[in-house]
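J.: The listed protein sequences correspond, in order, to chains A and B. Going left to right, the first sequence walks through residues 20 to 306 as this note's numbering numbers them. Going left to right, the second sequence walks through residues 2 to 328 as this note's numbering numbers them.
FYI, nobody ran anything at the bench for these hints, they're computed from the structure. Just to be clear, a hint being listed does not mean it is correct.
Unchecked claim - Okay, the calculated bits of chain B under chain A, using three or more residues with CB under 8 Å as the criterion:
(1) 47-56
(2) 63-74
(3) 139-147
(4) 162-172
Please read all numbers here as calculations on a predicted model, not as lab measurements. Cβ coordinates follow ideal geometry from the N, Cα and C atoms, glycine included.
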Amino acid sequence: MGSHSHRVSSRWLTYGLLFLGAAFVAIPFWYMLVTSLKPQSYIFEIPPKLWPEQATLDNYTSALGRENFAIYFLNSLFVAVAATGSTMLISSLLAYAFARLKFPGKEILFYLFLLGTMIPPVMLIIPQFIIAKTITAATGGVLRLLDSLLGLIVVYVTMNLSMQTFLLRGFFEGIPRDLEDAAFIDGASRWMIFRKIILPLSRPGLAVVAISTFLYSWEEFPWAHVAIKETTRRTLPIAIALYQSAHLTQWGQVFAASIVALVPVVIVFVIFQRYFIRGIATTGLKG
Amino acid sequence: MNPTHPLRMGGVIFDNSSLEYFCKFKSMRASLRSQFSDLAPALLFILPGLALLATFIIIPMLYSLRISFYDWNIIRPELSEWEGLQNYIQALQDPIFRRAVINTLAYTLVTVPAQMILGLIVAILLNQQIRGKAGFRVIYYLPVITSWVIVSLLFEYMFSGQAGLVNYVLHDLLHITRENIRWLADPILTFVPIDLLGIWKGVGWTAIIYLAGLQGIPQHLYEAAEVDGATPFQRFRYVTLPLLRPTLVFLLVFLTIGGLNAYTSNLLITNGGDPLDLTHFVLTLMYEATFTRLDFGMGAAISYLLTIFVFLISIFQIRLLRMRTEL
Numbered sequence: 020m021g022s023h024s025h026r027v028s029s030r031w032l033t034y035g036l037l038f039l040g041a042a043f044v045a046i047p048f049w050y051m052l053v054t055s056l057k058p059q060s061y062i063f064e065i066p067p068k069l070w071p072e073q074a075t076l077d078n079y080t081s082a083l084g085r086e087n088f089a090i091y092f093l094n095s096l097f098v099a100v101a102a103t104g105s106t107m108l109i110s111s112l113l114a115y116a117f118a119r120l121k122f123p124g125k126e127i128l129f130y131l132f133l134l135g136t137m138i139p140p141v142m143l144i145i146p147q148f149i150i151a152k153t154i155t156a157a158t159g160g161v162l163r164l165l166d167s168l169l170g171l172i173v174v175y176v177t178m179n180l181s182m183q184t185f186l187l188r189g190f191f192e193g194i195p196r197d198l199e200d201a202a203f204i205d206g207a208s209r210w211m212i213f214r215k216i217i218l219p220l221s222r223p224g225l226a227v228v229a230i231s232t233f234l235y236s237w238e239e240f241p242w243a244h245v246a247i248k249e250t251t252r253r254t255l256p257i258a259i260a261l262y263q264s265a266h267l268t269q270w271g272q273v274f275a276a277s278i279v280a281l282v283p284v285v286i287v288f289v290i291f292q293r294y295f296i297r298g299i300a301t302t303g304l305k306g
Numbered sequence: 002m003n004p005t006h007p008l009r010m011g012g013v014i015f016d017n018s019s020l021e022y023f024c025k026f027k028s029m030r031a032s033l034r035s036q037f038s039d040l041a042p043a044l045l046f047i048l049p050g051l052a053l054l055a056t057f058i059i060i061p062m063l064y065s066l067r068i069s070f071y072d073w074n075i076i077r078p079e080l081s082e083w084e085g086l087q088n089y090i091q092a093l094q095d096p097i098f099r100r101a102v103i104n105t106l107a108y109t110l111v112t113v114p115a116q117m118i119l120g121l122i123v124a125i126l127l128n129q130q131i132r133g134k135a136g137f138r139v140i141y142y143l144p145v146i147t148s149w150v151i152v153s154l155l156f157e158y159m160f161s162g163q164a165g166l167v168n169y170v171l172h173d174l175l176h177i178t179r180e181n182i183r184w185l186a187d188p189i190l191t192f193v194p195i196d197l198l199g200i201w202k203g204v205g206w207t208a209i210i211y212l213a214g215l216q217g218i219p220q221h222l223y224e225a226a227e228v229d230g231a232t233p234f235q236r237f238r239y240v241t242l243p244l245l246r247p248t249l250v251f252l253l254v255f256l257t258i259g260g261l262n263a264y265t266s267n268l269l270i271t272n273g274g275d276p277l278d279l280t281h282f283v284l285t286l287m288y289e290a291t292f293t294r295l296d297f298g299m300g301a302a303i304s305y306l307l308t309i310f311v312f313l314i315s316i317f318q319i320r321l322l323r324m325r326t327e328l
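Chain A extracted, bound-state conformation (with noise of 0.2 Å):
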């Protein structure tokens, strides 16, 4: 009796805690959204208002409506998916690498990509600033990575590249050789076992690739912000902190454009959270 009323109690305090937790975590989201929806003259309403008295869409038609926003909306949308892409054909290659070939100087490579997981990413920014800036002169502008999508693009895959190959290489790993060798016998290719075999054996690892570089490219600010100078060619992150310090008072309109951003990435996390915890919990503890 007295140990049952005691877990009723405790599970109460459970419930109570969680609900707590979440209402810190959500009444910034909420005030956001609410903001969004008030029209100017009540962004500095004292008392501020939780709940919009007079709701208007006003923001997000001026918002959307005004300096290429649906350009910013799609050089992102481009961005994340070519990155994710590349992403998932790189890195599952190099896996494959790690998991199943023999070759001279596996180790040192493996080490070498290792690093990649541990360099704190904002520190290479100048060096690659460089770079890109070197390799647009030396190309005559052929290969532009400054003030172009693709600067973006071969940067954020490569800051991915060795996490991903790394949760790649241990799912990999876990597939039975015995299907391999059969297949080896029957004189499959390497190309062949791999497009064939390894690929569609791992859709949950790639998913989580797939998801993880995608959230990663949407939301990626430094090295856009060191990278892209060109007005129609911001990506969503910069031109919602350049419109902001641009129109320093117009909070609902940022925060429309805000929560348009933030659409995308809750739909793809709300499908895929499972396969997405899941991989956050791998790709932390191995990496």
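Please arrange chain B on chain A, whose structure you already have, making use of the hints.
T.: Same frame as chain A, but now just chain B:
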């Protein structure tokens, strides 16, 4: 090998044992061939990734090291002047740099323990048999997947001096403060929103990592402890904590690296050092040195100082915690 599915090859059905024989035969042949056998396909598998790694990580790192020894001329690199350790010495003697180091360390010392403690609490709560687990997970994870740019602007707005939500709650609603606080104008108070943001954004990730660790603890250990009459606290202290040690080490190292590399929130909330360059983090100062003052050598030196420090701290933390496990 799946024993219920004999493999059909070239019209012959191989049962389990013959397949096993074949596999052995194959692997024997494979080991007889030299290790160079896979070299050609390996090149194709590795080349694209290696090219990217070399171009955008390894060469930049070496290049950056070189730049840090020069008064680097970005327009005409060949005119750059060798300065030896001058950039490093100058940075270490610069009061703005020192202030940035203190700010960064303070941020790390506040946000890392807070995330580790709150994350553990959330993980333990979520690890129980409760309803709506997926919903809670999505909510707690929402800040993690939201762009730093968006959440930084959001916190800037909530902490704004005149009519921000936070001032309203503290002053008008709870009467804790006597007047509206100008959070963003003060070189110390401005770290309140920045630190809170760091904690708020990171707890969800920390909790997920803990959850993975918690689920790896065998249930029978808890049952055994309960049979022995251990209280919930004792079970936590003597079962959960020791078995979570690898997770704790991992989180401590990763969160510390993240804290020392904090950048976007500070850049947006303080506009890069306002007021009076007193609120920089190491990396926002690096950004300013490089892209505002165009002193690329100084920027590179600052980034190397930070990297060396991060590296040493990580090794120290891993050593320290490993040693304690052995004792």
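J.: If a hint holds in the structure, say so; if it doesn't, say that too.
T.: Hints and how they fare:
1. 47-56: Satisfied; 7 residues make the cut.
2. 63-74: Per the Cβ count (3), the hint holds.
3. 139-147: holds (count 8)
4. 162-172: holds (count 5)
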